[in-house]
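Novice: If you read the sequences in order, they're chains A and B. The first sequence begins at 0 in numbering that gives the first Met the number 0 and counts up by one. The second sequence begins at 0 in numbering that gives the first Met the number 0 and counts up by one.
Calculated from the structure, these hints are not laboratory results. It is possible that some hints are incorrect.
Which copy? The list can't say, so a pair holds if one copy fits it or any two copies do.
Derived EDC-like pairs: lysine to aspartate or glutamate, alpha-carbon spacing no greater than 20 angstroms straight-line [what the hints assert, rightly or not]:
| no. | residue 1 | residue 2 |
| --- | --- | --- |
| 1 | 47 | 385 |
| 2 | 455 | 325 |
| 3 | 430 | 55 |
| 4 | 47 | 447 |
| 5 | 48 | 38 |
| 6 | 47 | 418 |
| 7 | 442 | 336 |
| 8 | 455 | 3 |
| 9 | 63 | 258 |
| 10 | 431 | 55 |
| 11 | 442 | 247 |
| 12 | 234 | 325 |
| 13 | 430 | 3 |
| 14 | 257 | 246 |
Note that the coordinates shown come from a computational prediction; the quantities given were computed from them, not determined experimentally.
Number of protein chains: 2
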Amino acid sequence: MDEDEEQRRRLKLEEALEIQSLRRIVSAYLNYPDASEEDVRRYERSYKKLPPAHKDLLSHYPLKFQRLRRCISMNSHFIFSMLQAFEPPFDMSQDIDASGDSHTEHAQEDHLFCQANNACSCEADPVRITCSDQHGCMEGSNDTCRSPGQVYANKEVDNKSHNQSNAGSHPLSSVPSKESEEYGGSAITDSNGNVSSSAQHCSDPSFQLYVPLVDVDKVRCIIRNIVRDWASEGKNERDQCYTPILEELNTLFPNRSKESPPACLVPGAGLGRLALEISRLGFISQGNEFSYYMMICSSFILNNSQTTDEWTIYPWIHSNCNSLSDNDQLRPVSIPDIHPASAGITEGFSMCGGDFVEVYSDSSQAGTWDAVVTCFFLDTAHNIVEYIEIISKILKDGGVWINMGPLLYHFADMYGQEDEMSIELSLEDVKKVALQYGFEFEKERTIETTYTTNPKSMMQNHYFAAFWTMRKKSATVQVPSE
Amino acid sequence: MDEDEEQRRRLKLEEALEIQSLRRIVSAYLNYPDASEEDVRRYERSYKKLPPAHKDLLSHYPLKFQRLRRCISMNSHFIFSMLQAFEPPFDMSQDIDASGDSHTEHAQEDHLFCQANNACSCEADPVRITCSDQHGCMEGSNDTCRSPGQVYANKEVDNKSHNQSNAGSHPLSSVPSKESEEYGGSAITDSNGNVSSSAQHCSDPSFQLYVPLVDVDKVRCIIRNIVRDWASEGKNERDQCYTPILEELNTLFPNRSKESPPACLVPGAGLGRLALEISRLGFISQGNEFSYYMMICSSFILNNSQTTDEWTIYPWIHSNCNSLSDNDQLRPVSIPDIHPASAGITEGFSMCGGDFVEVYSDSSQAGTWDAVVTCFFLDTAHNIVEYIEIISKILKDGGVWINMGPLLYHFADMYGQEDEMSIELSLEDVKKVALQYGFEFEKERTIETTYTTNPKSMMQNHYFAAFWTMRKKSATVQVPSE
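With the rest of the complex left out, here is chain A (with noise of 0.2 angstroms):
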């Protein structure tokens, strides 16, 4: 009955600190307008600082701004349509006053919640999806030697899916500053110039929390990664990242029945076209992913889209470096290039939230795979080995595992931070390590891809990833126990 209790209380604690993570994220979100506004005005106070030969040989950069205001307000009534769309896990108008003490977000960043033992919950209704960014990013435009760096300043809180209570579901509104009103004169419009009904404001002044750079950046990166996944301007990125995985799944699994598909688990979803095409190959297909940005976002574009180019982006705008023109930075992205509910995703399409190492460890998770898809995943990991300790363990003898991605460790470098355990192996080492869990290579070659790259920009980062199929051998093998 005292255990009874404790285990109450903690749950408790943990759905507080997961409304107050969300908050968090939903903040980020509805205060892109204000930050994008606070870009272009550190942009006009630098050009009235010209000297005037200078500004008139600029003359129409005065012009230039007015657009990117336009932009902005394009992206903002995206995402307050998209947030108006989420239906949040808990009720986000309940009191949270999680730990009483003033490190609860630390504690989050901690983990301090890996403990609870709730597998996956995830909605397998094939169009109906429930959602969760390993693979942040930054705007691209800035380093000082050429070669890319790190933002670890802050890391994203904990968001695992829960046996949730689904009590008092409160659609969010949308908080346009009063900065939105003054866009040109042309708040929040949609294509048509009319304007949304996402412009009004939040009753809740809670979401007008301070936001964090580092959090700003996370949503900028959300914008990058719809064009990667679901942009007809995405479609080399994908052919150079999806299309190996896909054929190579194809071959692997010739006869497929509609009867008992496959299962592929494709854990670090992110925005979930992966996932969605390998449903569409005709394969159980069920998509993990750690990030609320990228839940809220995937669920959108899965679930609320009513036809292809409903929406118009303008990704490439937070930056002006490495630009070949004002008119490349500022080139519309028509999104989704494909109608998600028509594009014949086929039963058992989930998306799962949650950390896959807490998710996918519980005991009822083994062996019930037959093919396991990492593309940009293996490095999300504080310990690799454990990543590939569990994908072995959830594999059935015989499944396979495809992987393509660098070594671009997350939790490396993170100065300043608490002491984050992060284990980074070599590519030679992390082969070694899969060998031991059982696991033998049937391919393995070097593809080289882009990752969120503006195609059009003067500086993109290559990859040099590692593309493998390996197969778990029969269960007769020793893997070390732990």
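Using the hints, position chain B against chain A.
Specialist: Same frame as chain A, but now just chain B:
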């Protein structure tokens, strides 16, 4: 007389601030062993947290840590030798109570002293060269969305050369820390295992300053820059960046004579290789560089190298990310690939320290150069229009401007900083501005290249750099007046 007094006081203040700035840079260099050791300790802490079964799989790790420490020790040996050879332009031991207020550093960062009217104080001795990173670097190990990012917490302090009293030139001693003596028992040894004379404690405790992480990153950046400019492993990058420039100069100045060689300026000269190669072609060649980090290193390589492959450094040890194998990460690089003193430098080779705008705005510079070569330099401007204007002014009529580089504006997106001016033009606009300043295009193309990239890394940042040759039309052309 009052004005004289005022002037004297200002110069004194400037010098005090320069000393402070140089002390900070020397401290960053001296901090290299400690900062690197701290990284290894972080790796060790993560390793110790592994469950026993995982630790068993990585039983070679303790040996890797030992190897890392030996590499750090070798790098430290190089750095300390460089610092010992460095002759600072000031008496570094003098008291510095520069401004008396706590905002000194801030003031430096704000270019308080940009008004100082000191033109180029360069030495022209072809072998004895005084030197001065716009393109700082990051370890390239991490971000959260696969696109390169920015680090601009601090920027380098202003370090223009002075009409300086080289009084009390004071060779610096090194400060190996207590930790350095623990490095596998082989503290600061050269490749023959001899303990270097640099392993003596510095008598000046003021160099044991707190060293911010951005400064540590700049030291690592320099190590990568050495590969770009002075190692065989950097040849591919030099062939991409420098060879097209050298070929163009060779073609444009076919009949250059020893008696009156054409004069070529290289702003943003970095570690000096490009300027040296231009000198070898028979040009009067002057490199201009803003950063003391770069100056100290280029001076050492240019003036103190005894032979090729004199030093062994380990440039790739500072990131565990995107490595194919530990051996790749720990591979040595020999420097320099050529012996500068016997490399065929021709008369009039110099390196000039200081801010490009300050040094070359001086009226004495007008119309003095036959060629200006900008390689990864234009985007270091606060105001790129000003750079273009100055390049136009200092060229003779009919002189040529060869440019190669992206537009990764260094002062873009400097969140959290004082409001730094940053004018970020698209390539199209840069070219329009150049036309306005009297240039006409002779050649234009795009060159794909890297910058200080580890050629064996799974992640490489690619630049689609603009390459052009423009000619300054004769003076009849109307250039917009200021």
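Novice: Compare the structure with each hint and give your call.
Specialist: Do the hints match the structure? See the list:
1. Only between protomers do residue 47 and residue 385 lie at most 20 angstroms apart by alpha-carbon distance; the minimum there is 15 angstroms, versus 54 angstroms within a single protomer.
2. For the homomeric pair residue 455 and residue 325, the shortest alpha-carbon distance inside one copy (12 angstroms) is at most 20 angstroms, but the shortest distance between copies (35 angstroms) is not.
3. Only between protomers do residue 430 and residue 55 lie at most 20 angstroms apart by alpha-carbon distance; the minimum there is 15 angstroms, versus 59 angstroms within a single protomer.
4. Taking the shortest Cα distances, residue 47 and residue 447 never come within 20 angstroms of each other, neither inside one copy (43 angstroms) nor across copies (35 angstroms).
5. For the identical chains of this complex, residue 48 and residue 38 are intra-copy neighbours only, at 16 angstroms inside a copy versus 42 angstroms across copies, given an alpha-carbon limit of 20 angstroms.
6. With identical chains, the CA atoms of residue 47 and residue 418 are at most 20 angstroms apart between copies only, with a shortest distance of 12 angstroms across copies and 44 angstroms within one.
7. Proximity of residue 442 and residue 336 under a CA criterion of 20 angstroms is satisfied in neither setting, with 31 angstroms inside one chain copy and 39 angstroms between copies.
8. Proximity of residue 455 to residue 3 under the C-alpha cut-off of 20 angstroms is found in neither arrangement, the shortest distances being 58 angstroms within a copy and 55 angstroms between copies.
9. In this assembly of identical chains, the alpha carbons of residue 63 and residue 258 never lie at most 20 angstroms apart, being 57 angstroms within a copy and 51 angstroms across copies at closest.
10. With identical chains, the CA atoms of residue 431 and residue 55 are at most 20 angstroms apart between copies only, with a shortest distance of 12 angstroms across copies and 62 angstroms within one.
11. Within a single copy, residue 442 and residue 247 get their C-alpha atoms as close as 10 angstroms, which meets the 20 angstroms cut-off; across copies the closest is 46 angstroms, which misses it.
12. For the homomeric pair residue 234 and residue 325, neither the shortest alpha-carbon distance inside one copy (23 angstroms) nor that between copies (35 angstroms) is at most 20 angstroms.
13. For a Cα distance limit of 20 angstroms, the shortest separation of residue 430 from residue 3 qualifies neither inside one copy, at 44 angstroms, nor across copies, at 72 angstroms.
14. Taking CA atoms no more than 20 angstroms apart as the test, residue 257 paired with residue 246 passes inside one copy only; the shortest distance there is 19 angstroms, against 64 angstroms between copies.
Hints 4, 7, 8, 9, 12 and 13, counting from the list given before, are not met by this structure.
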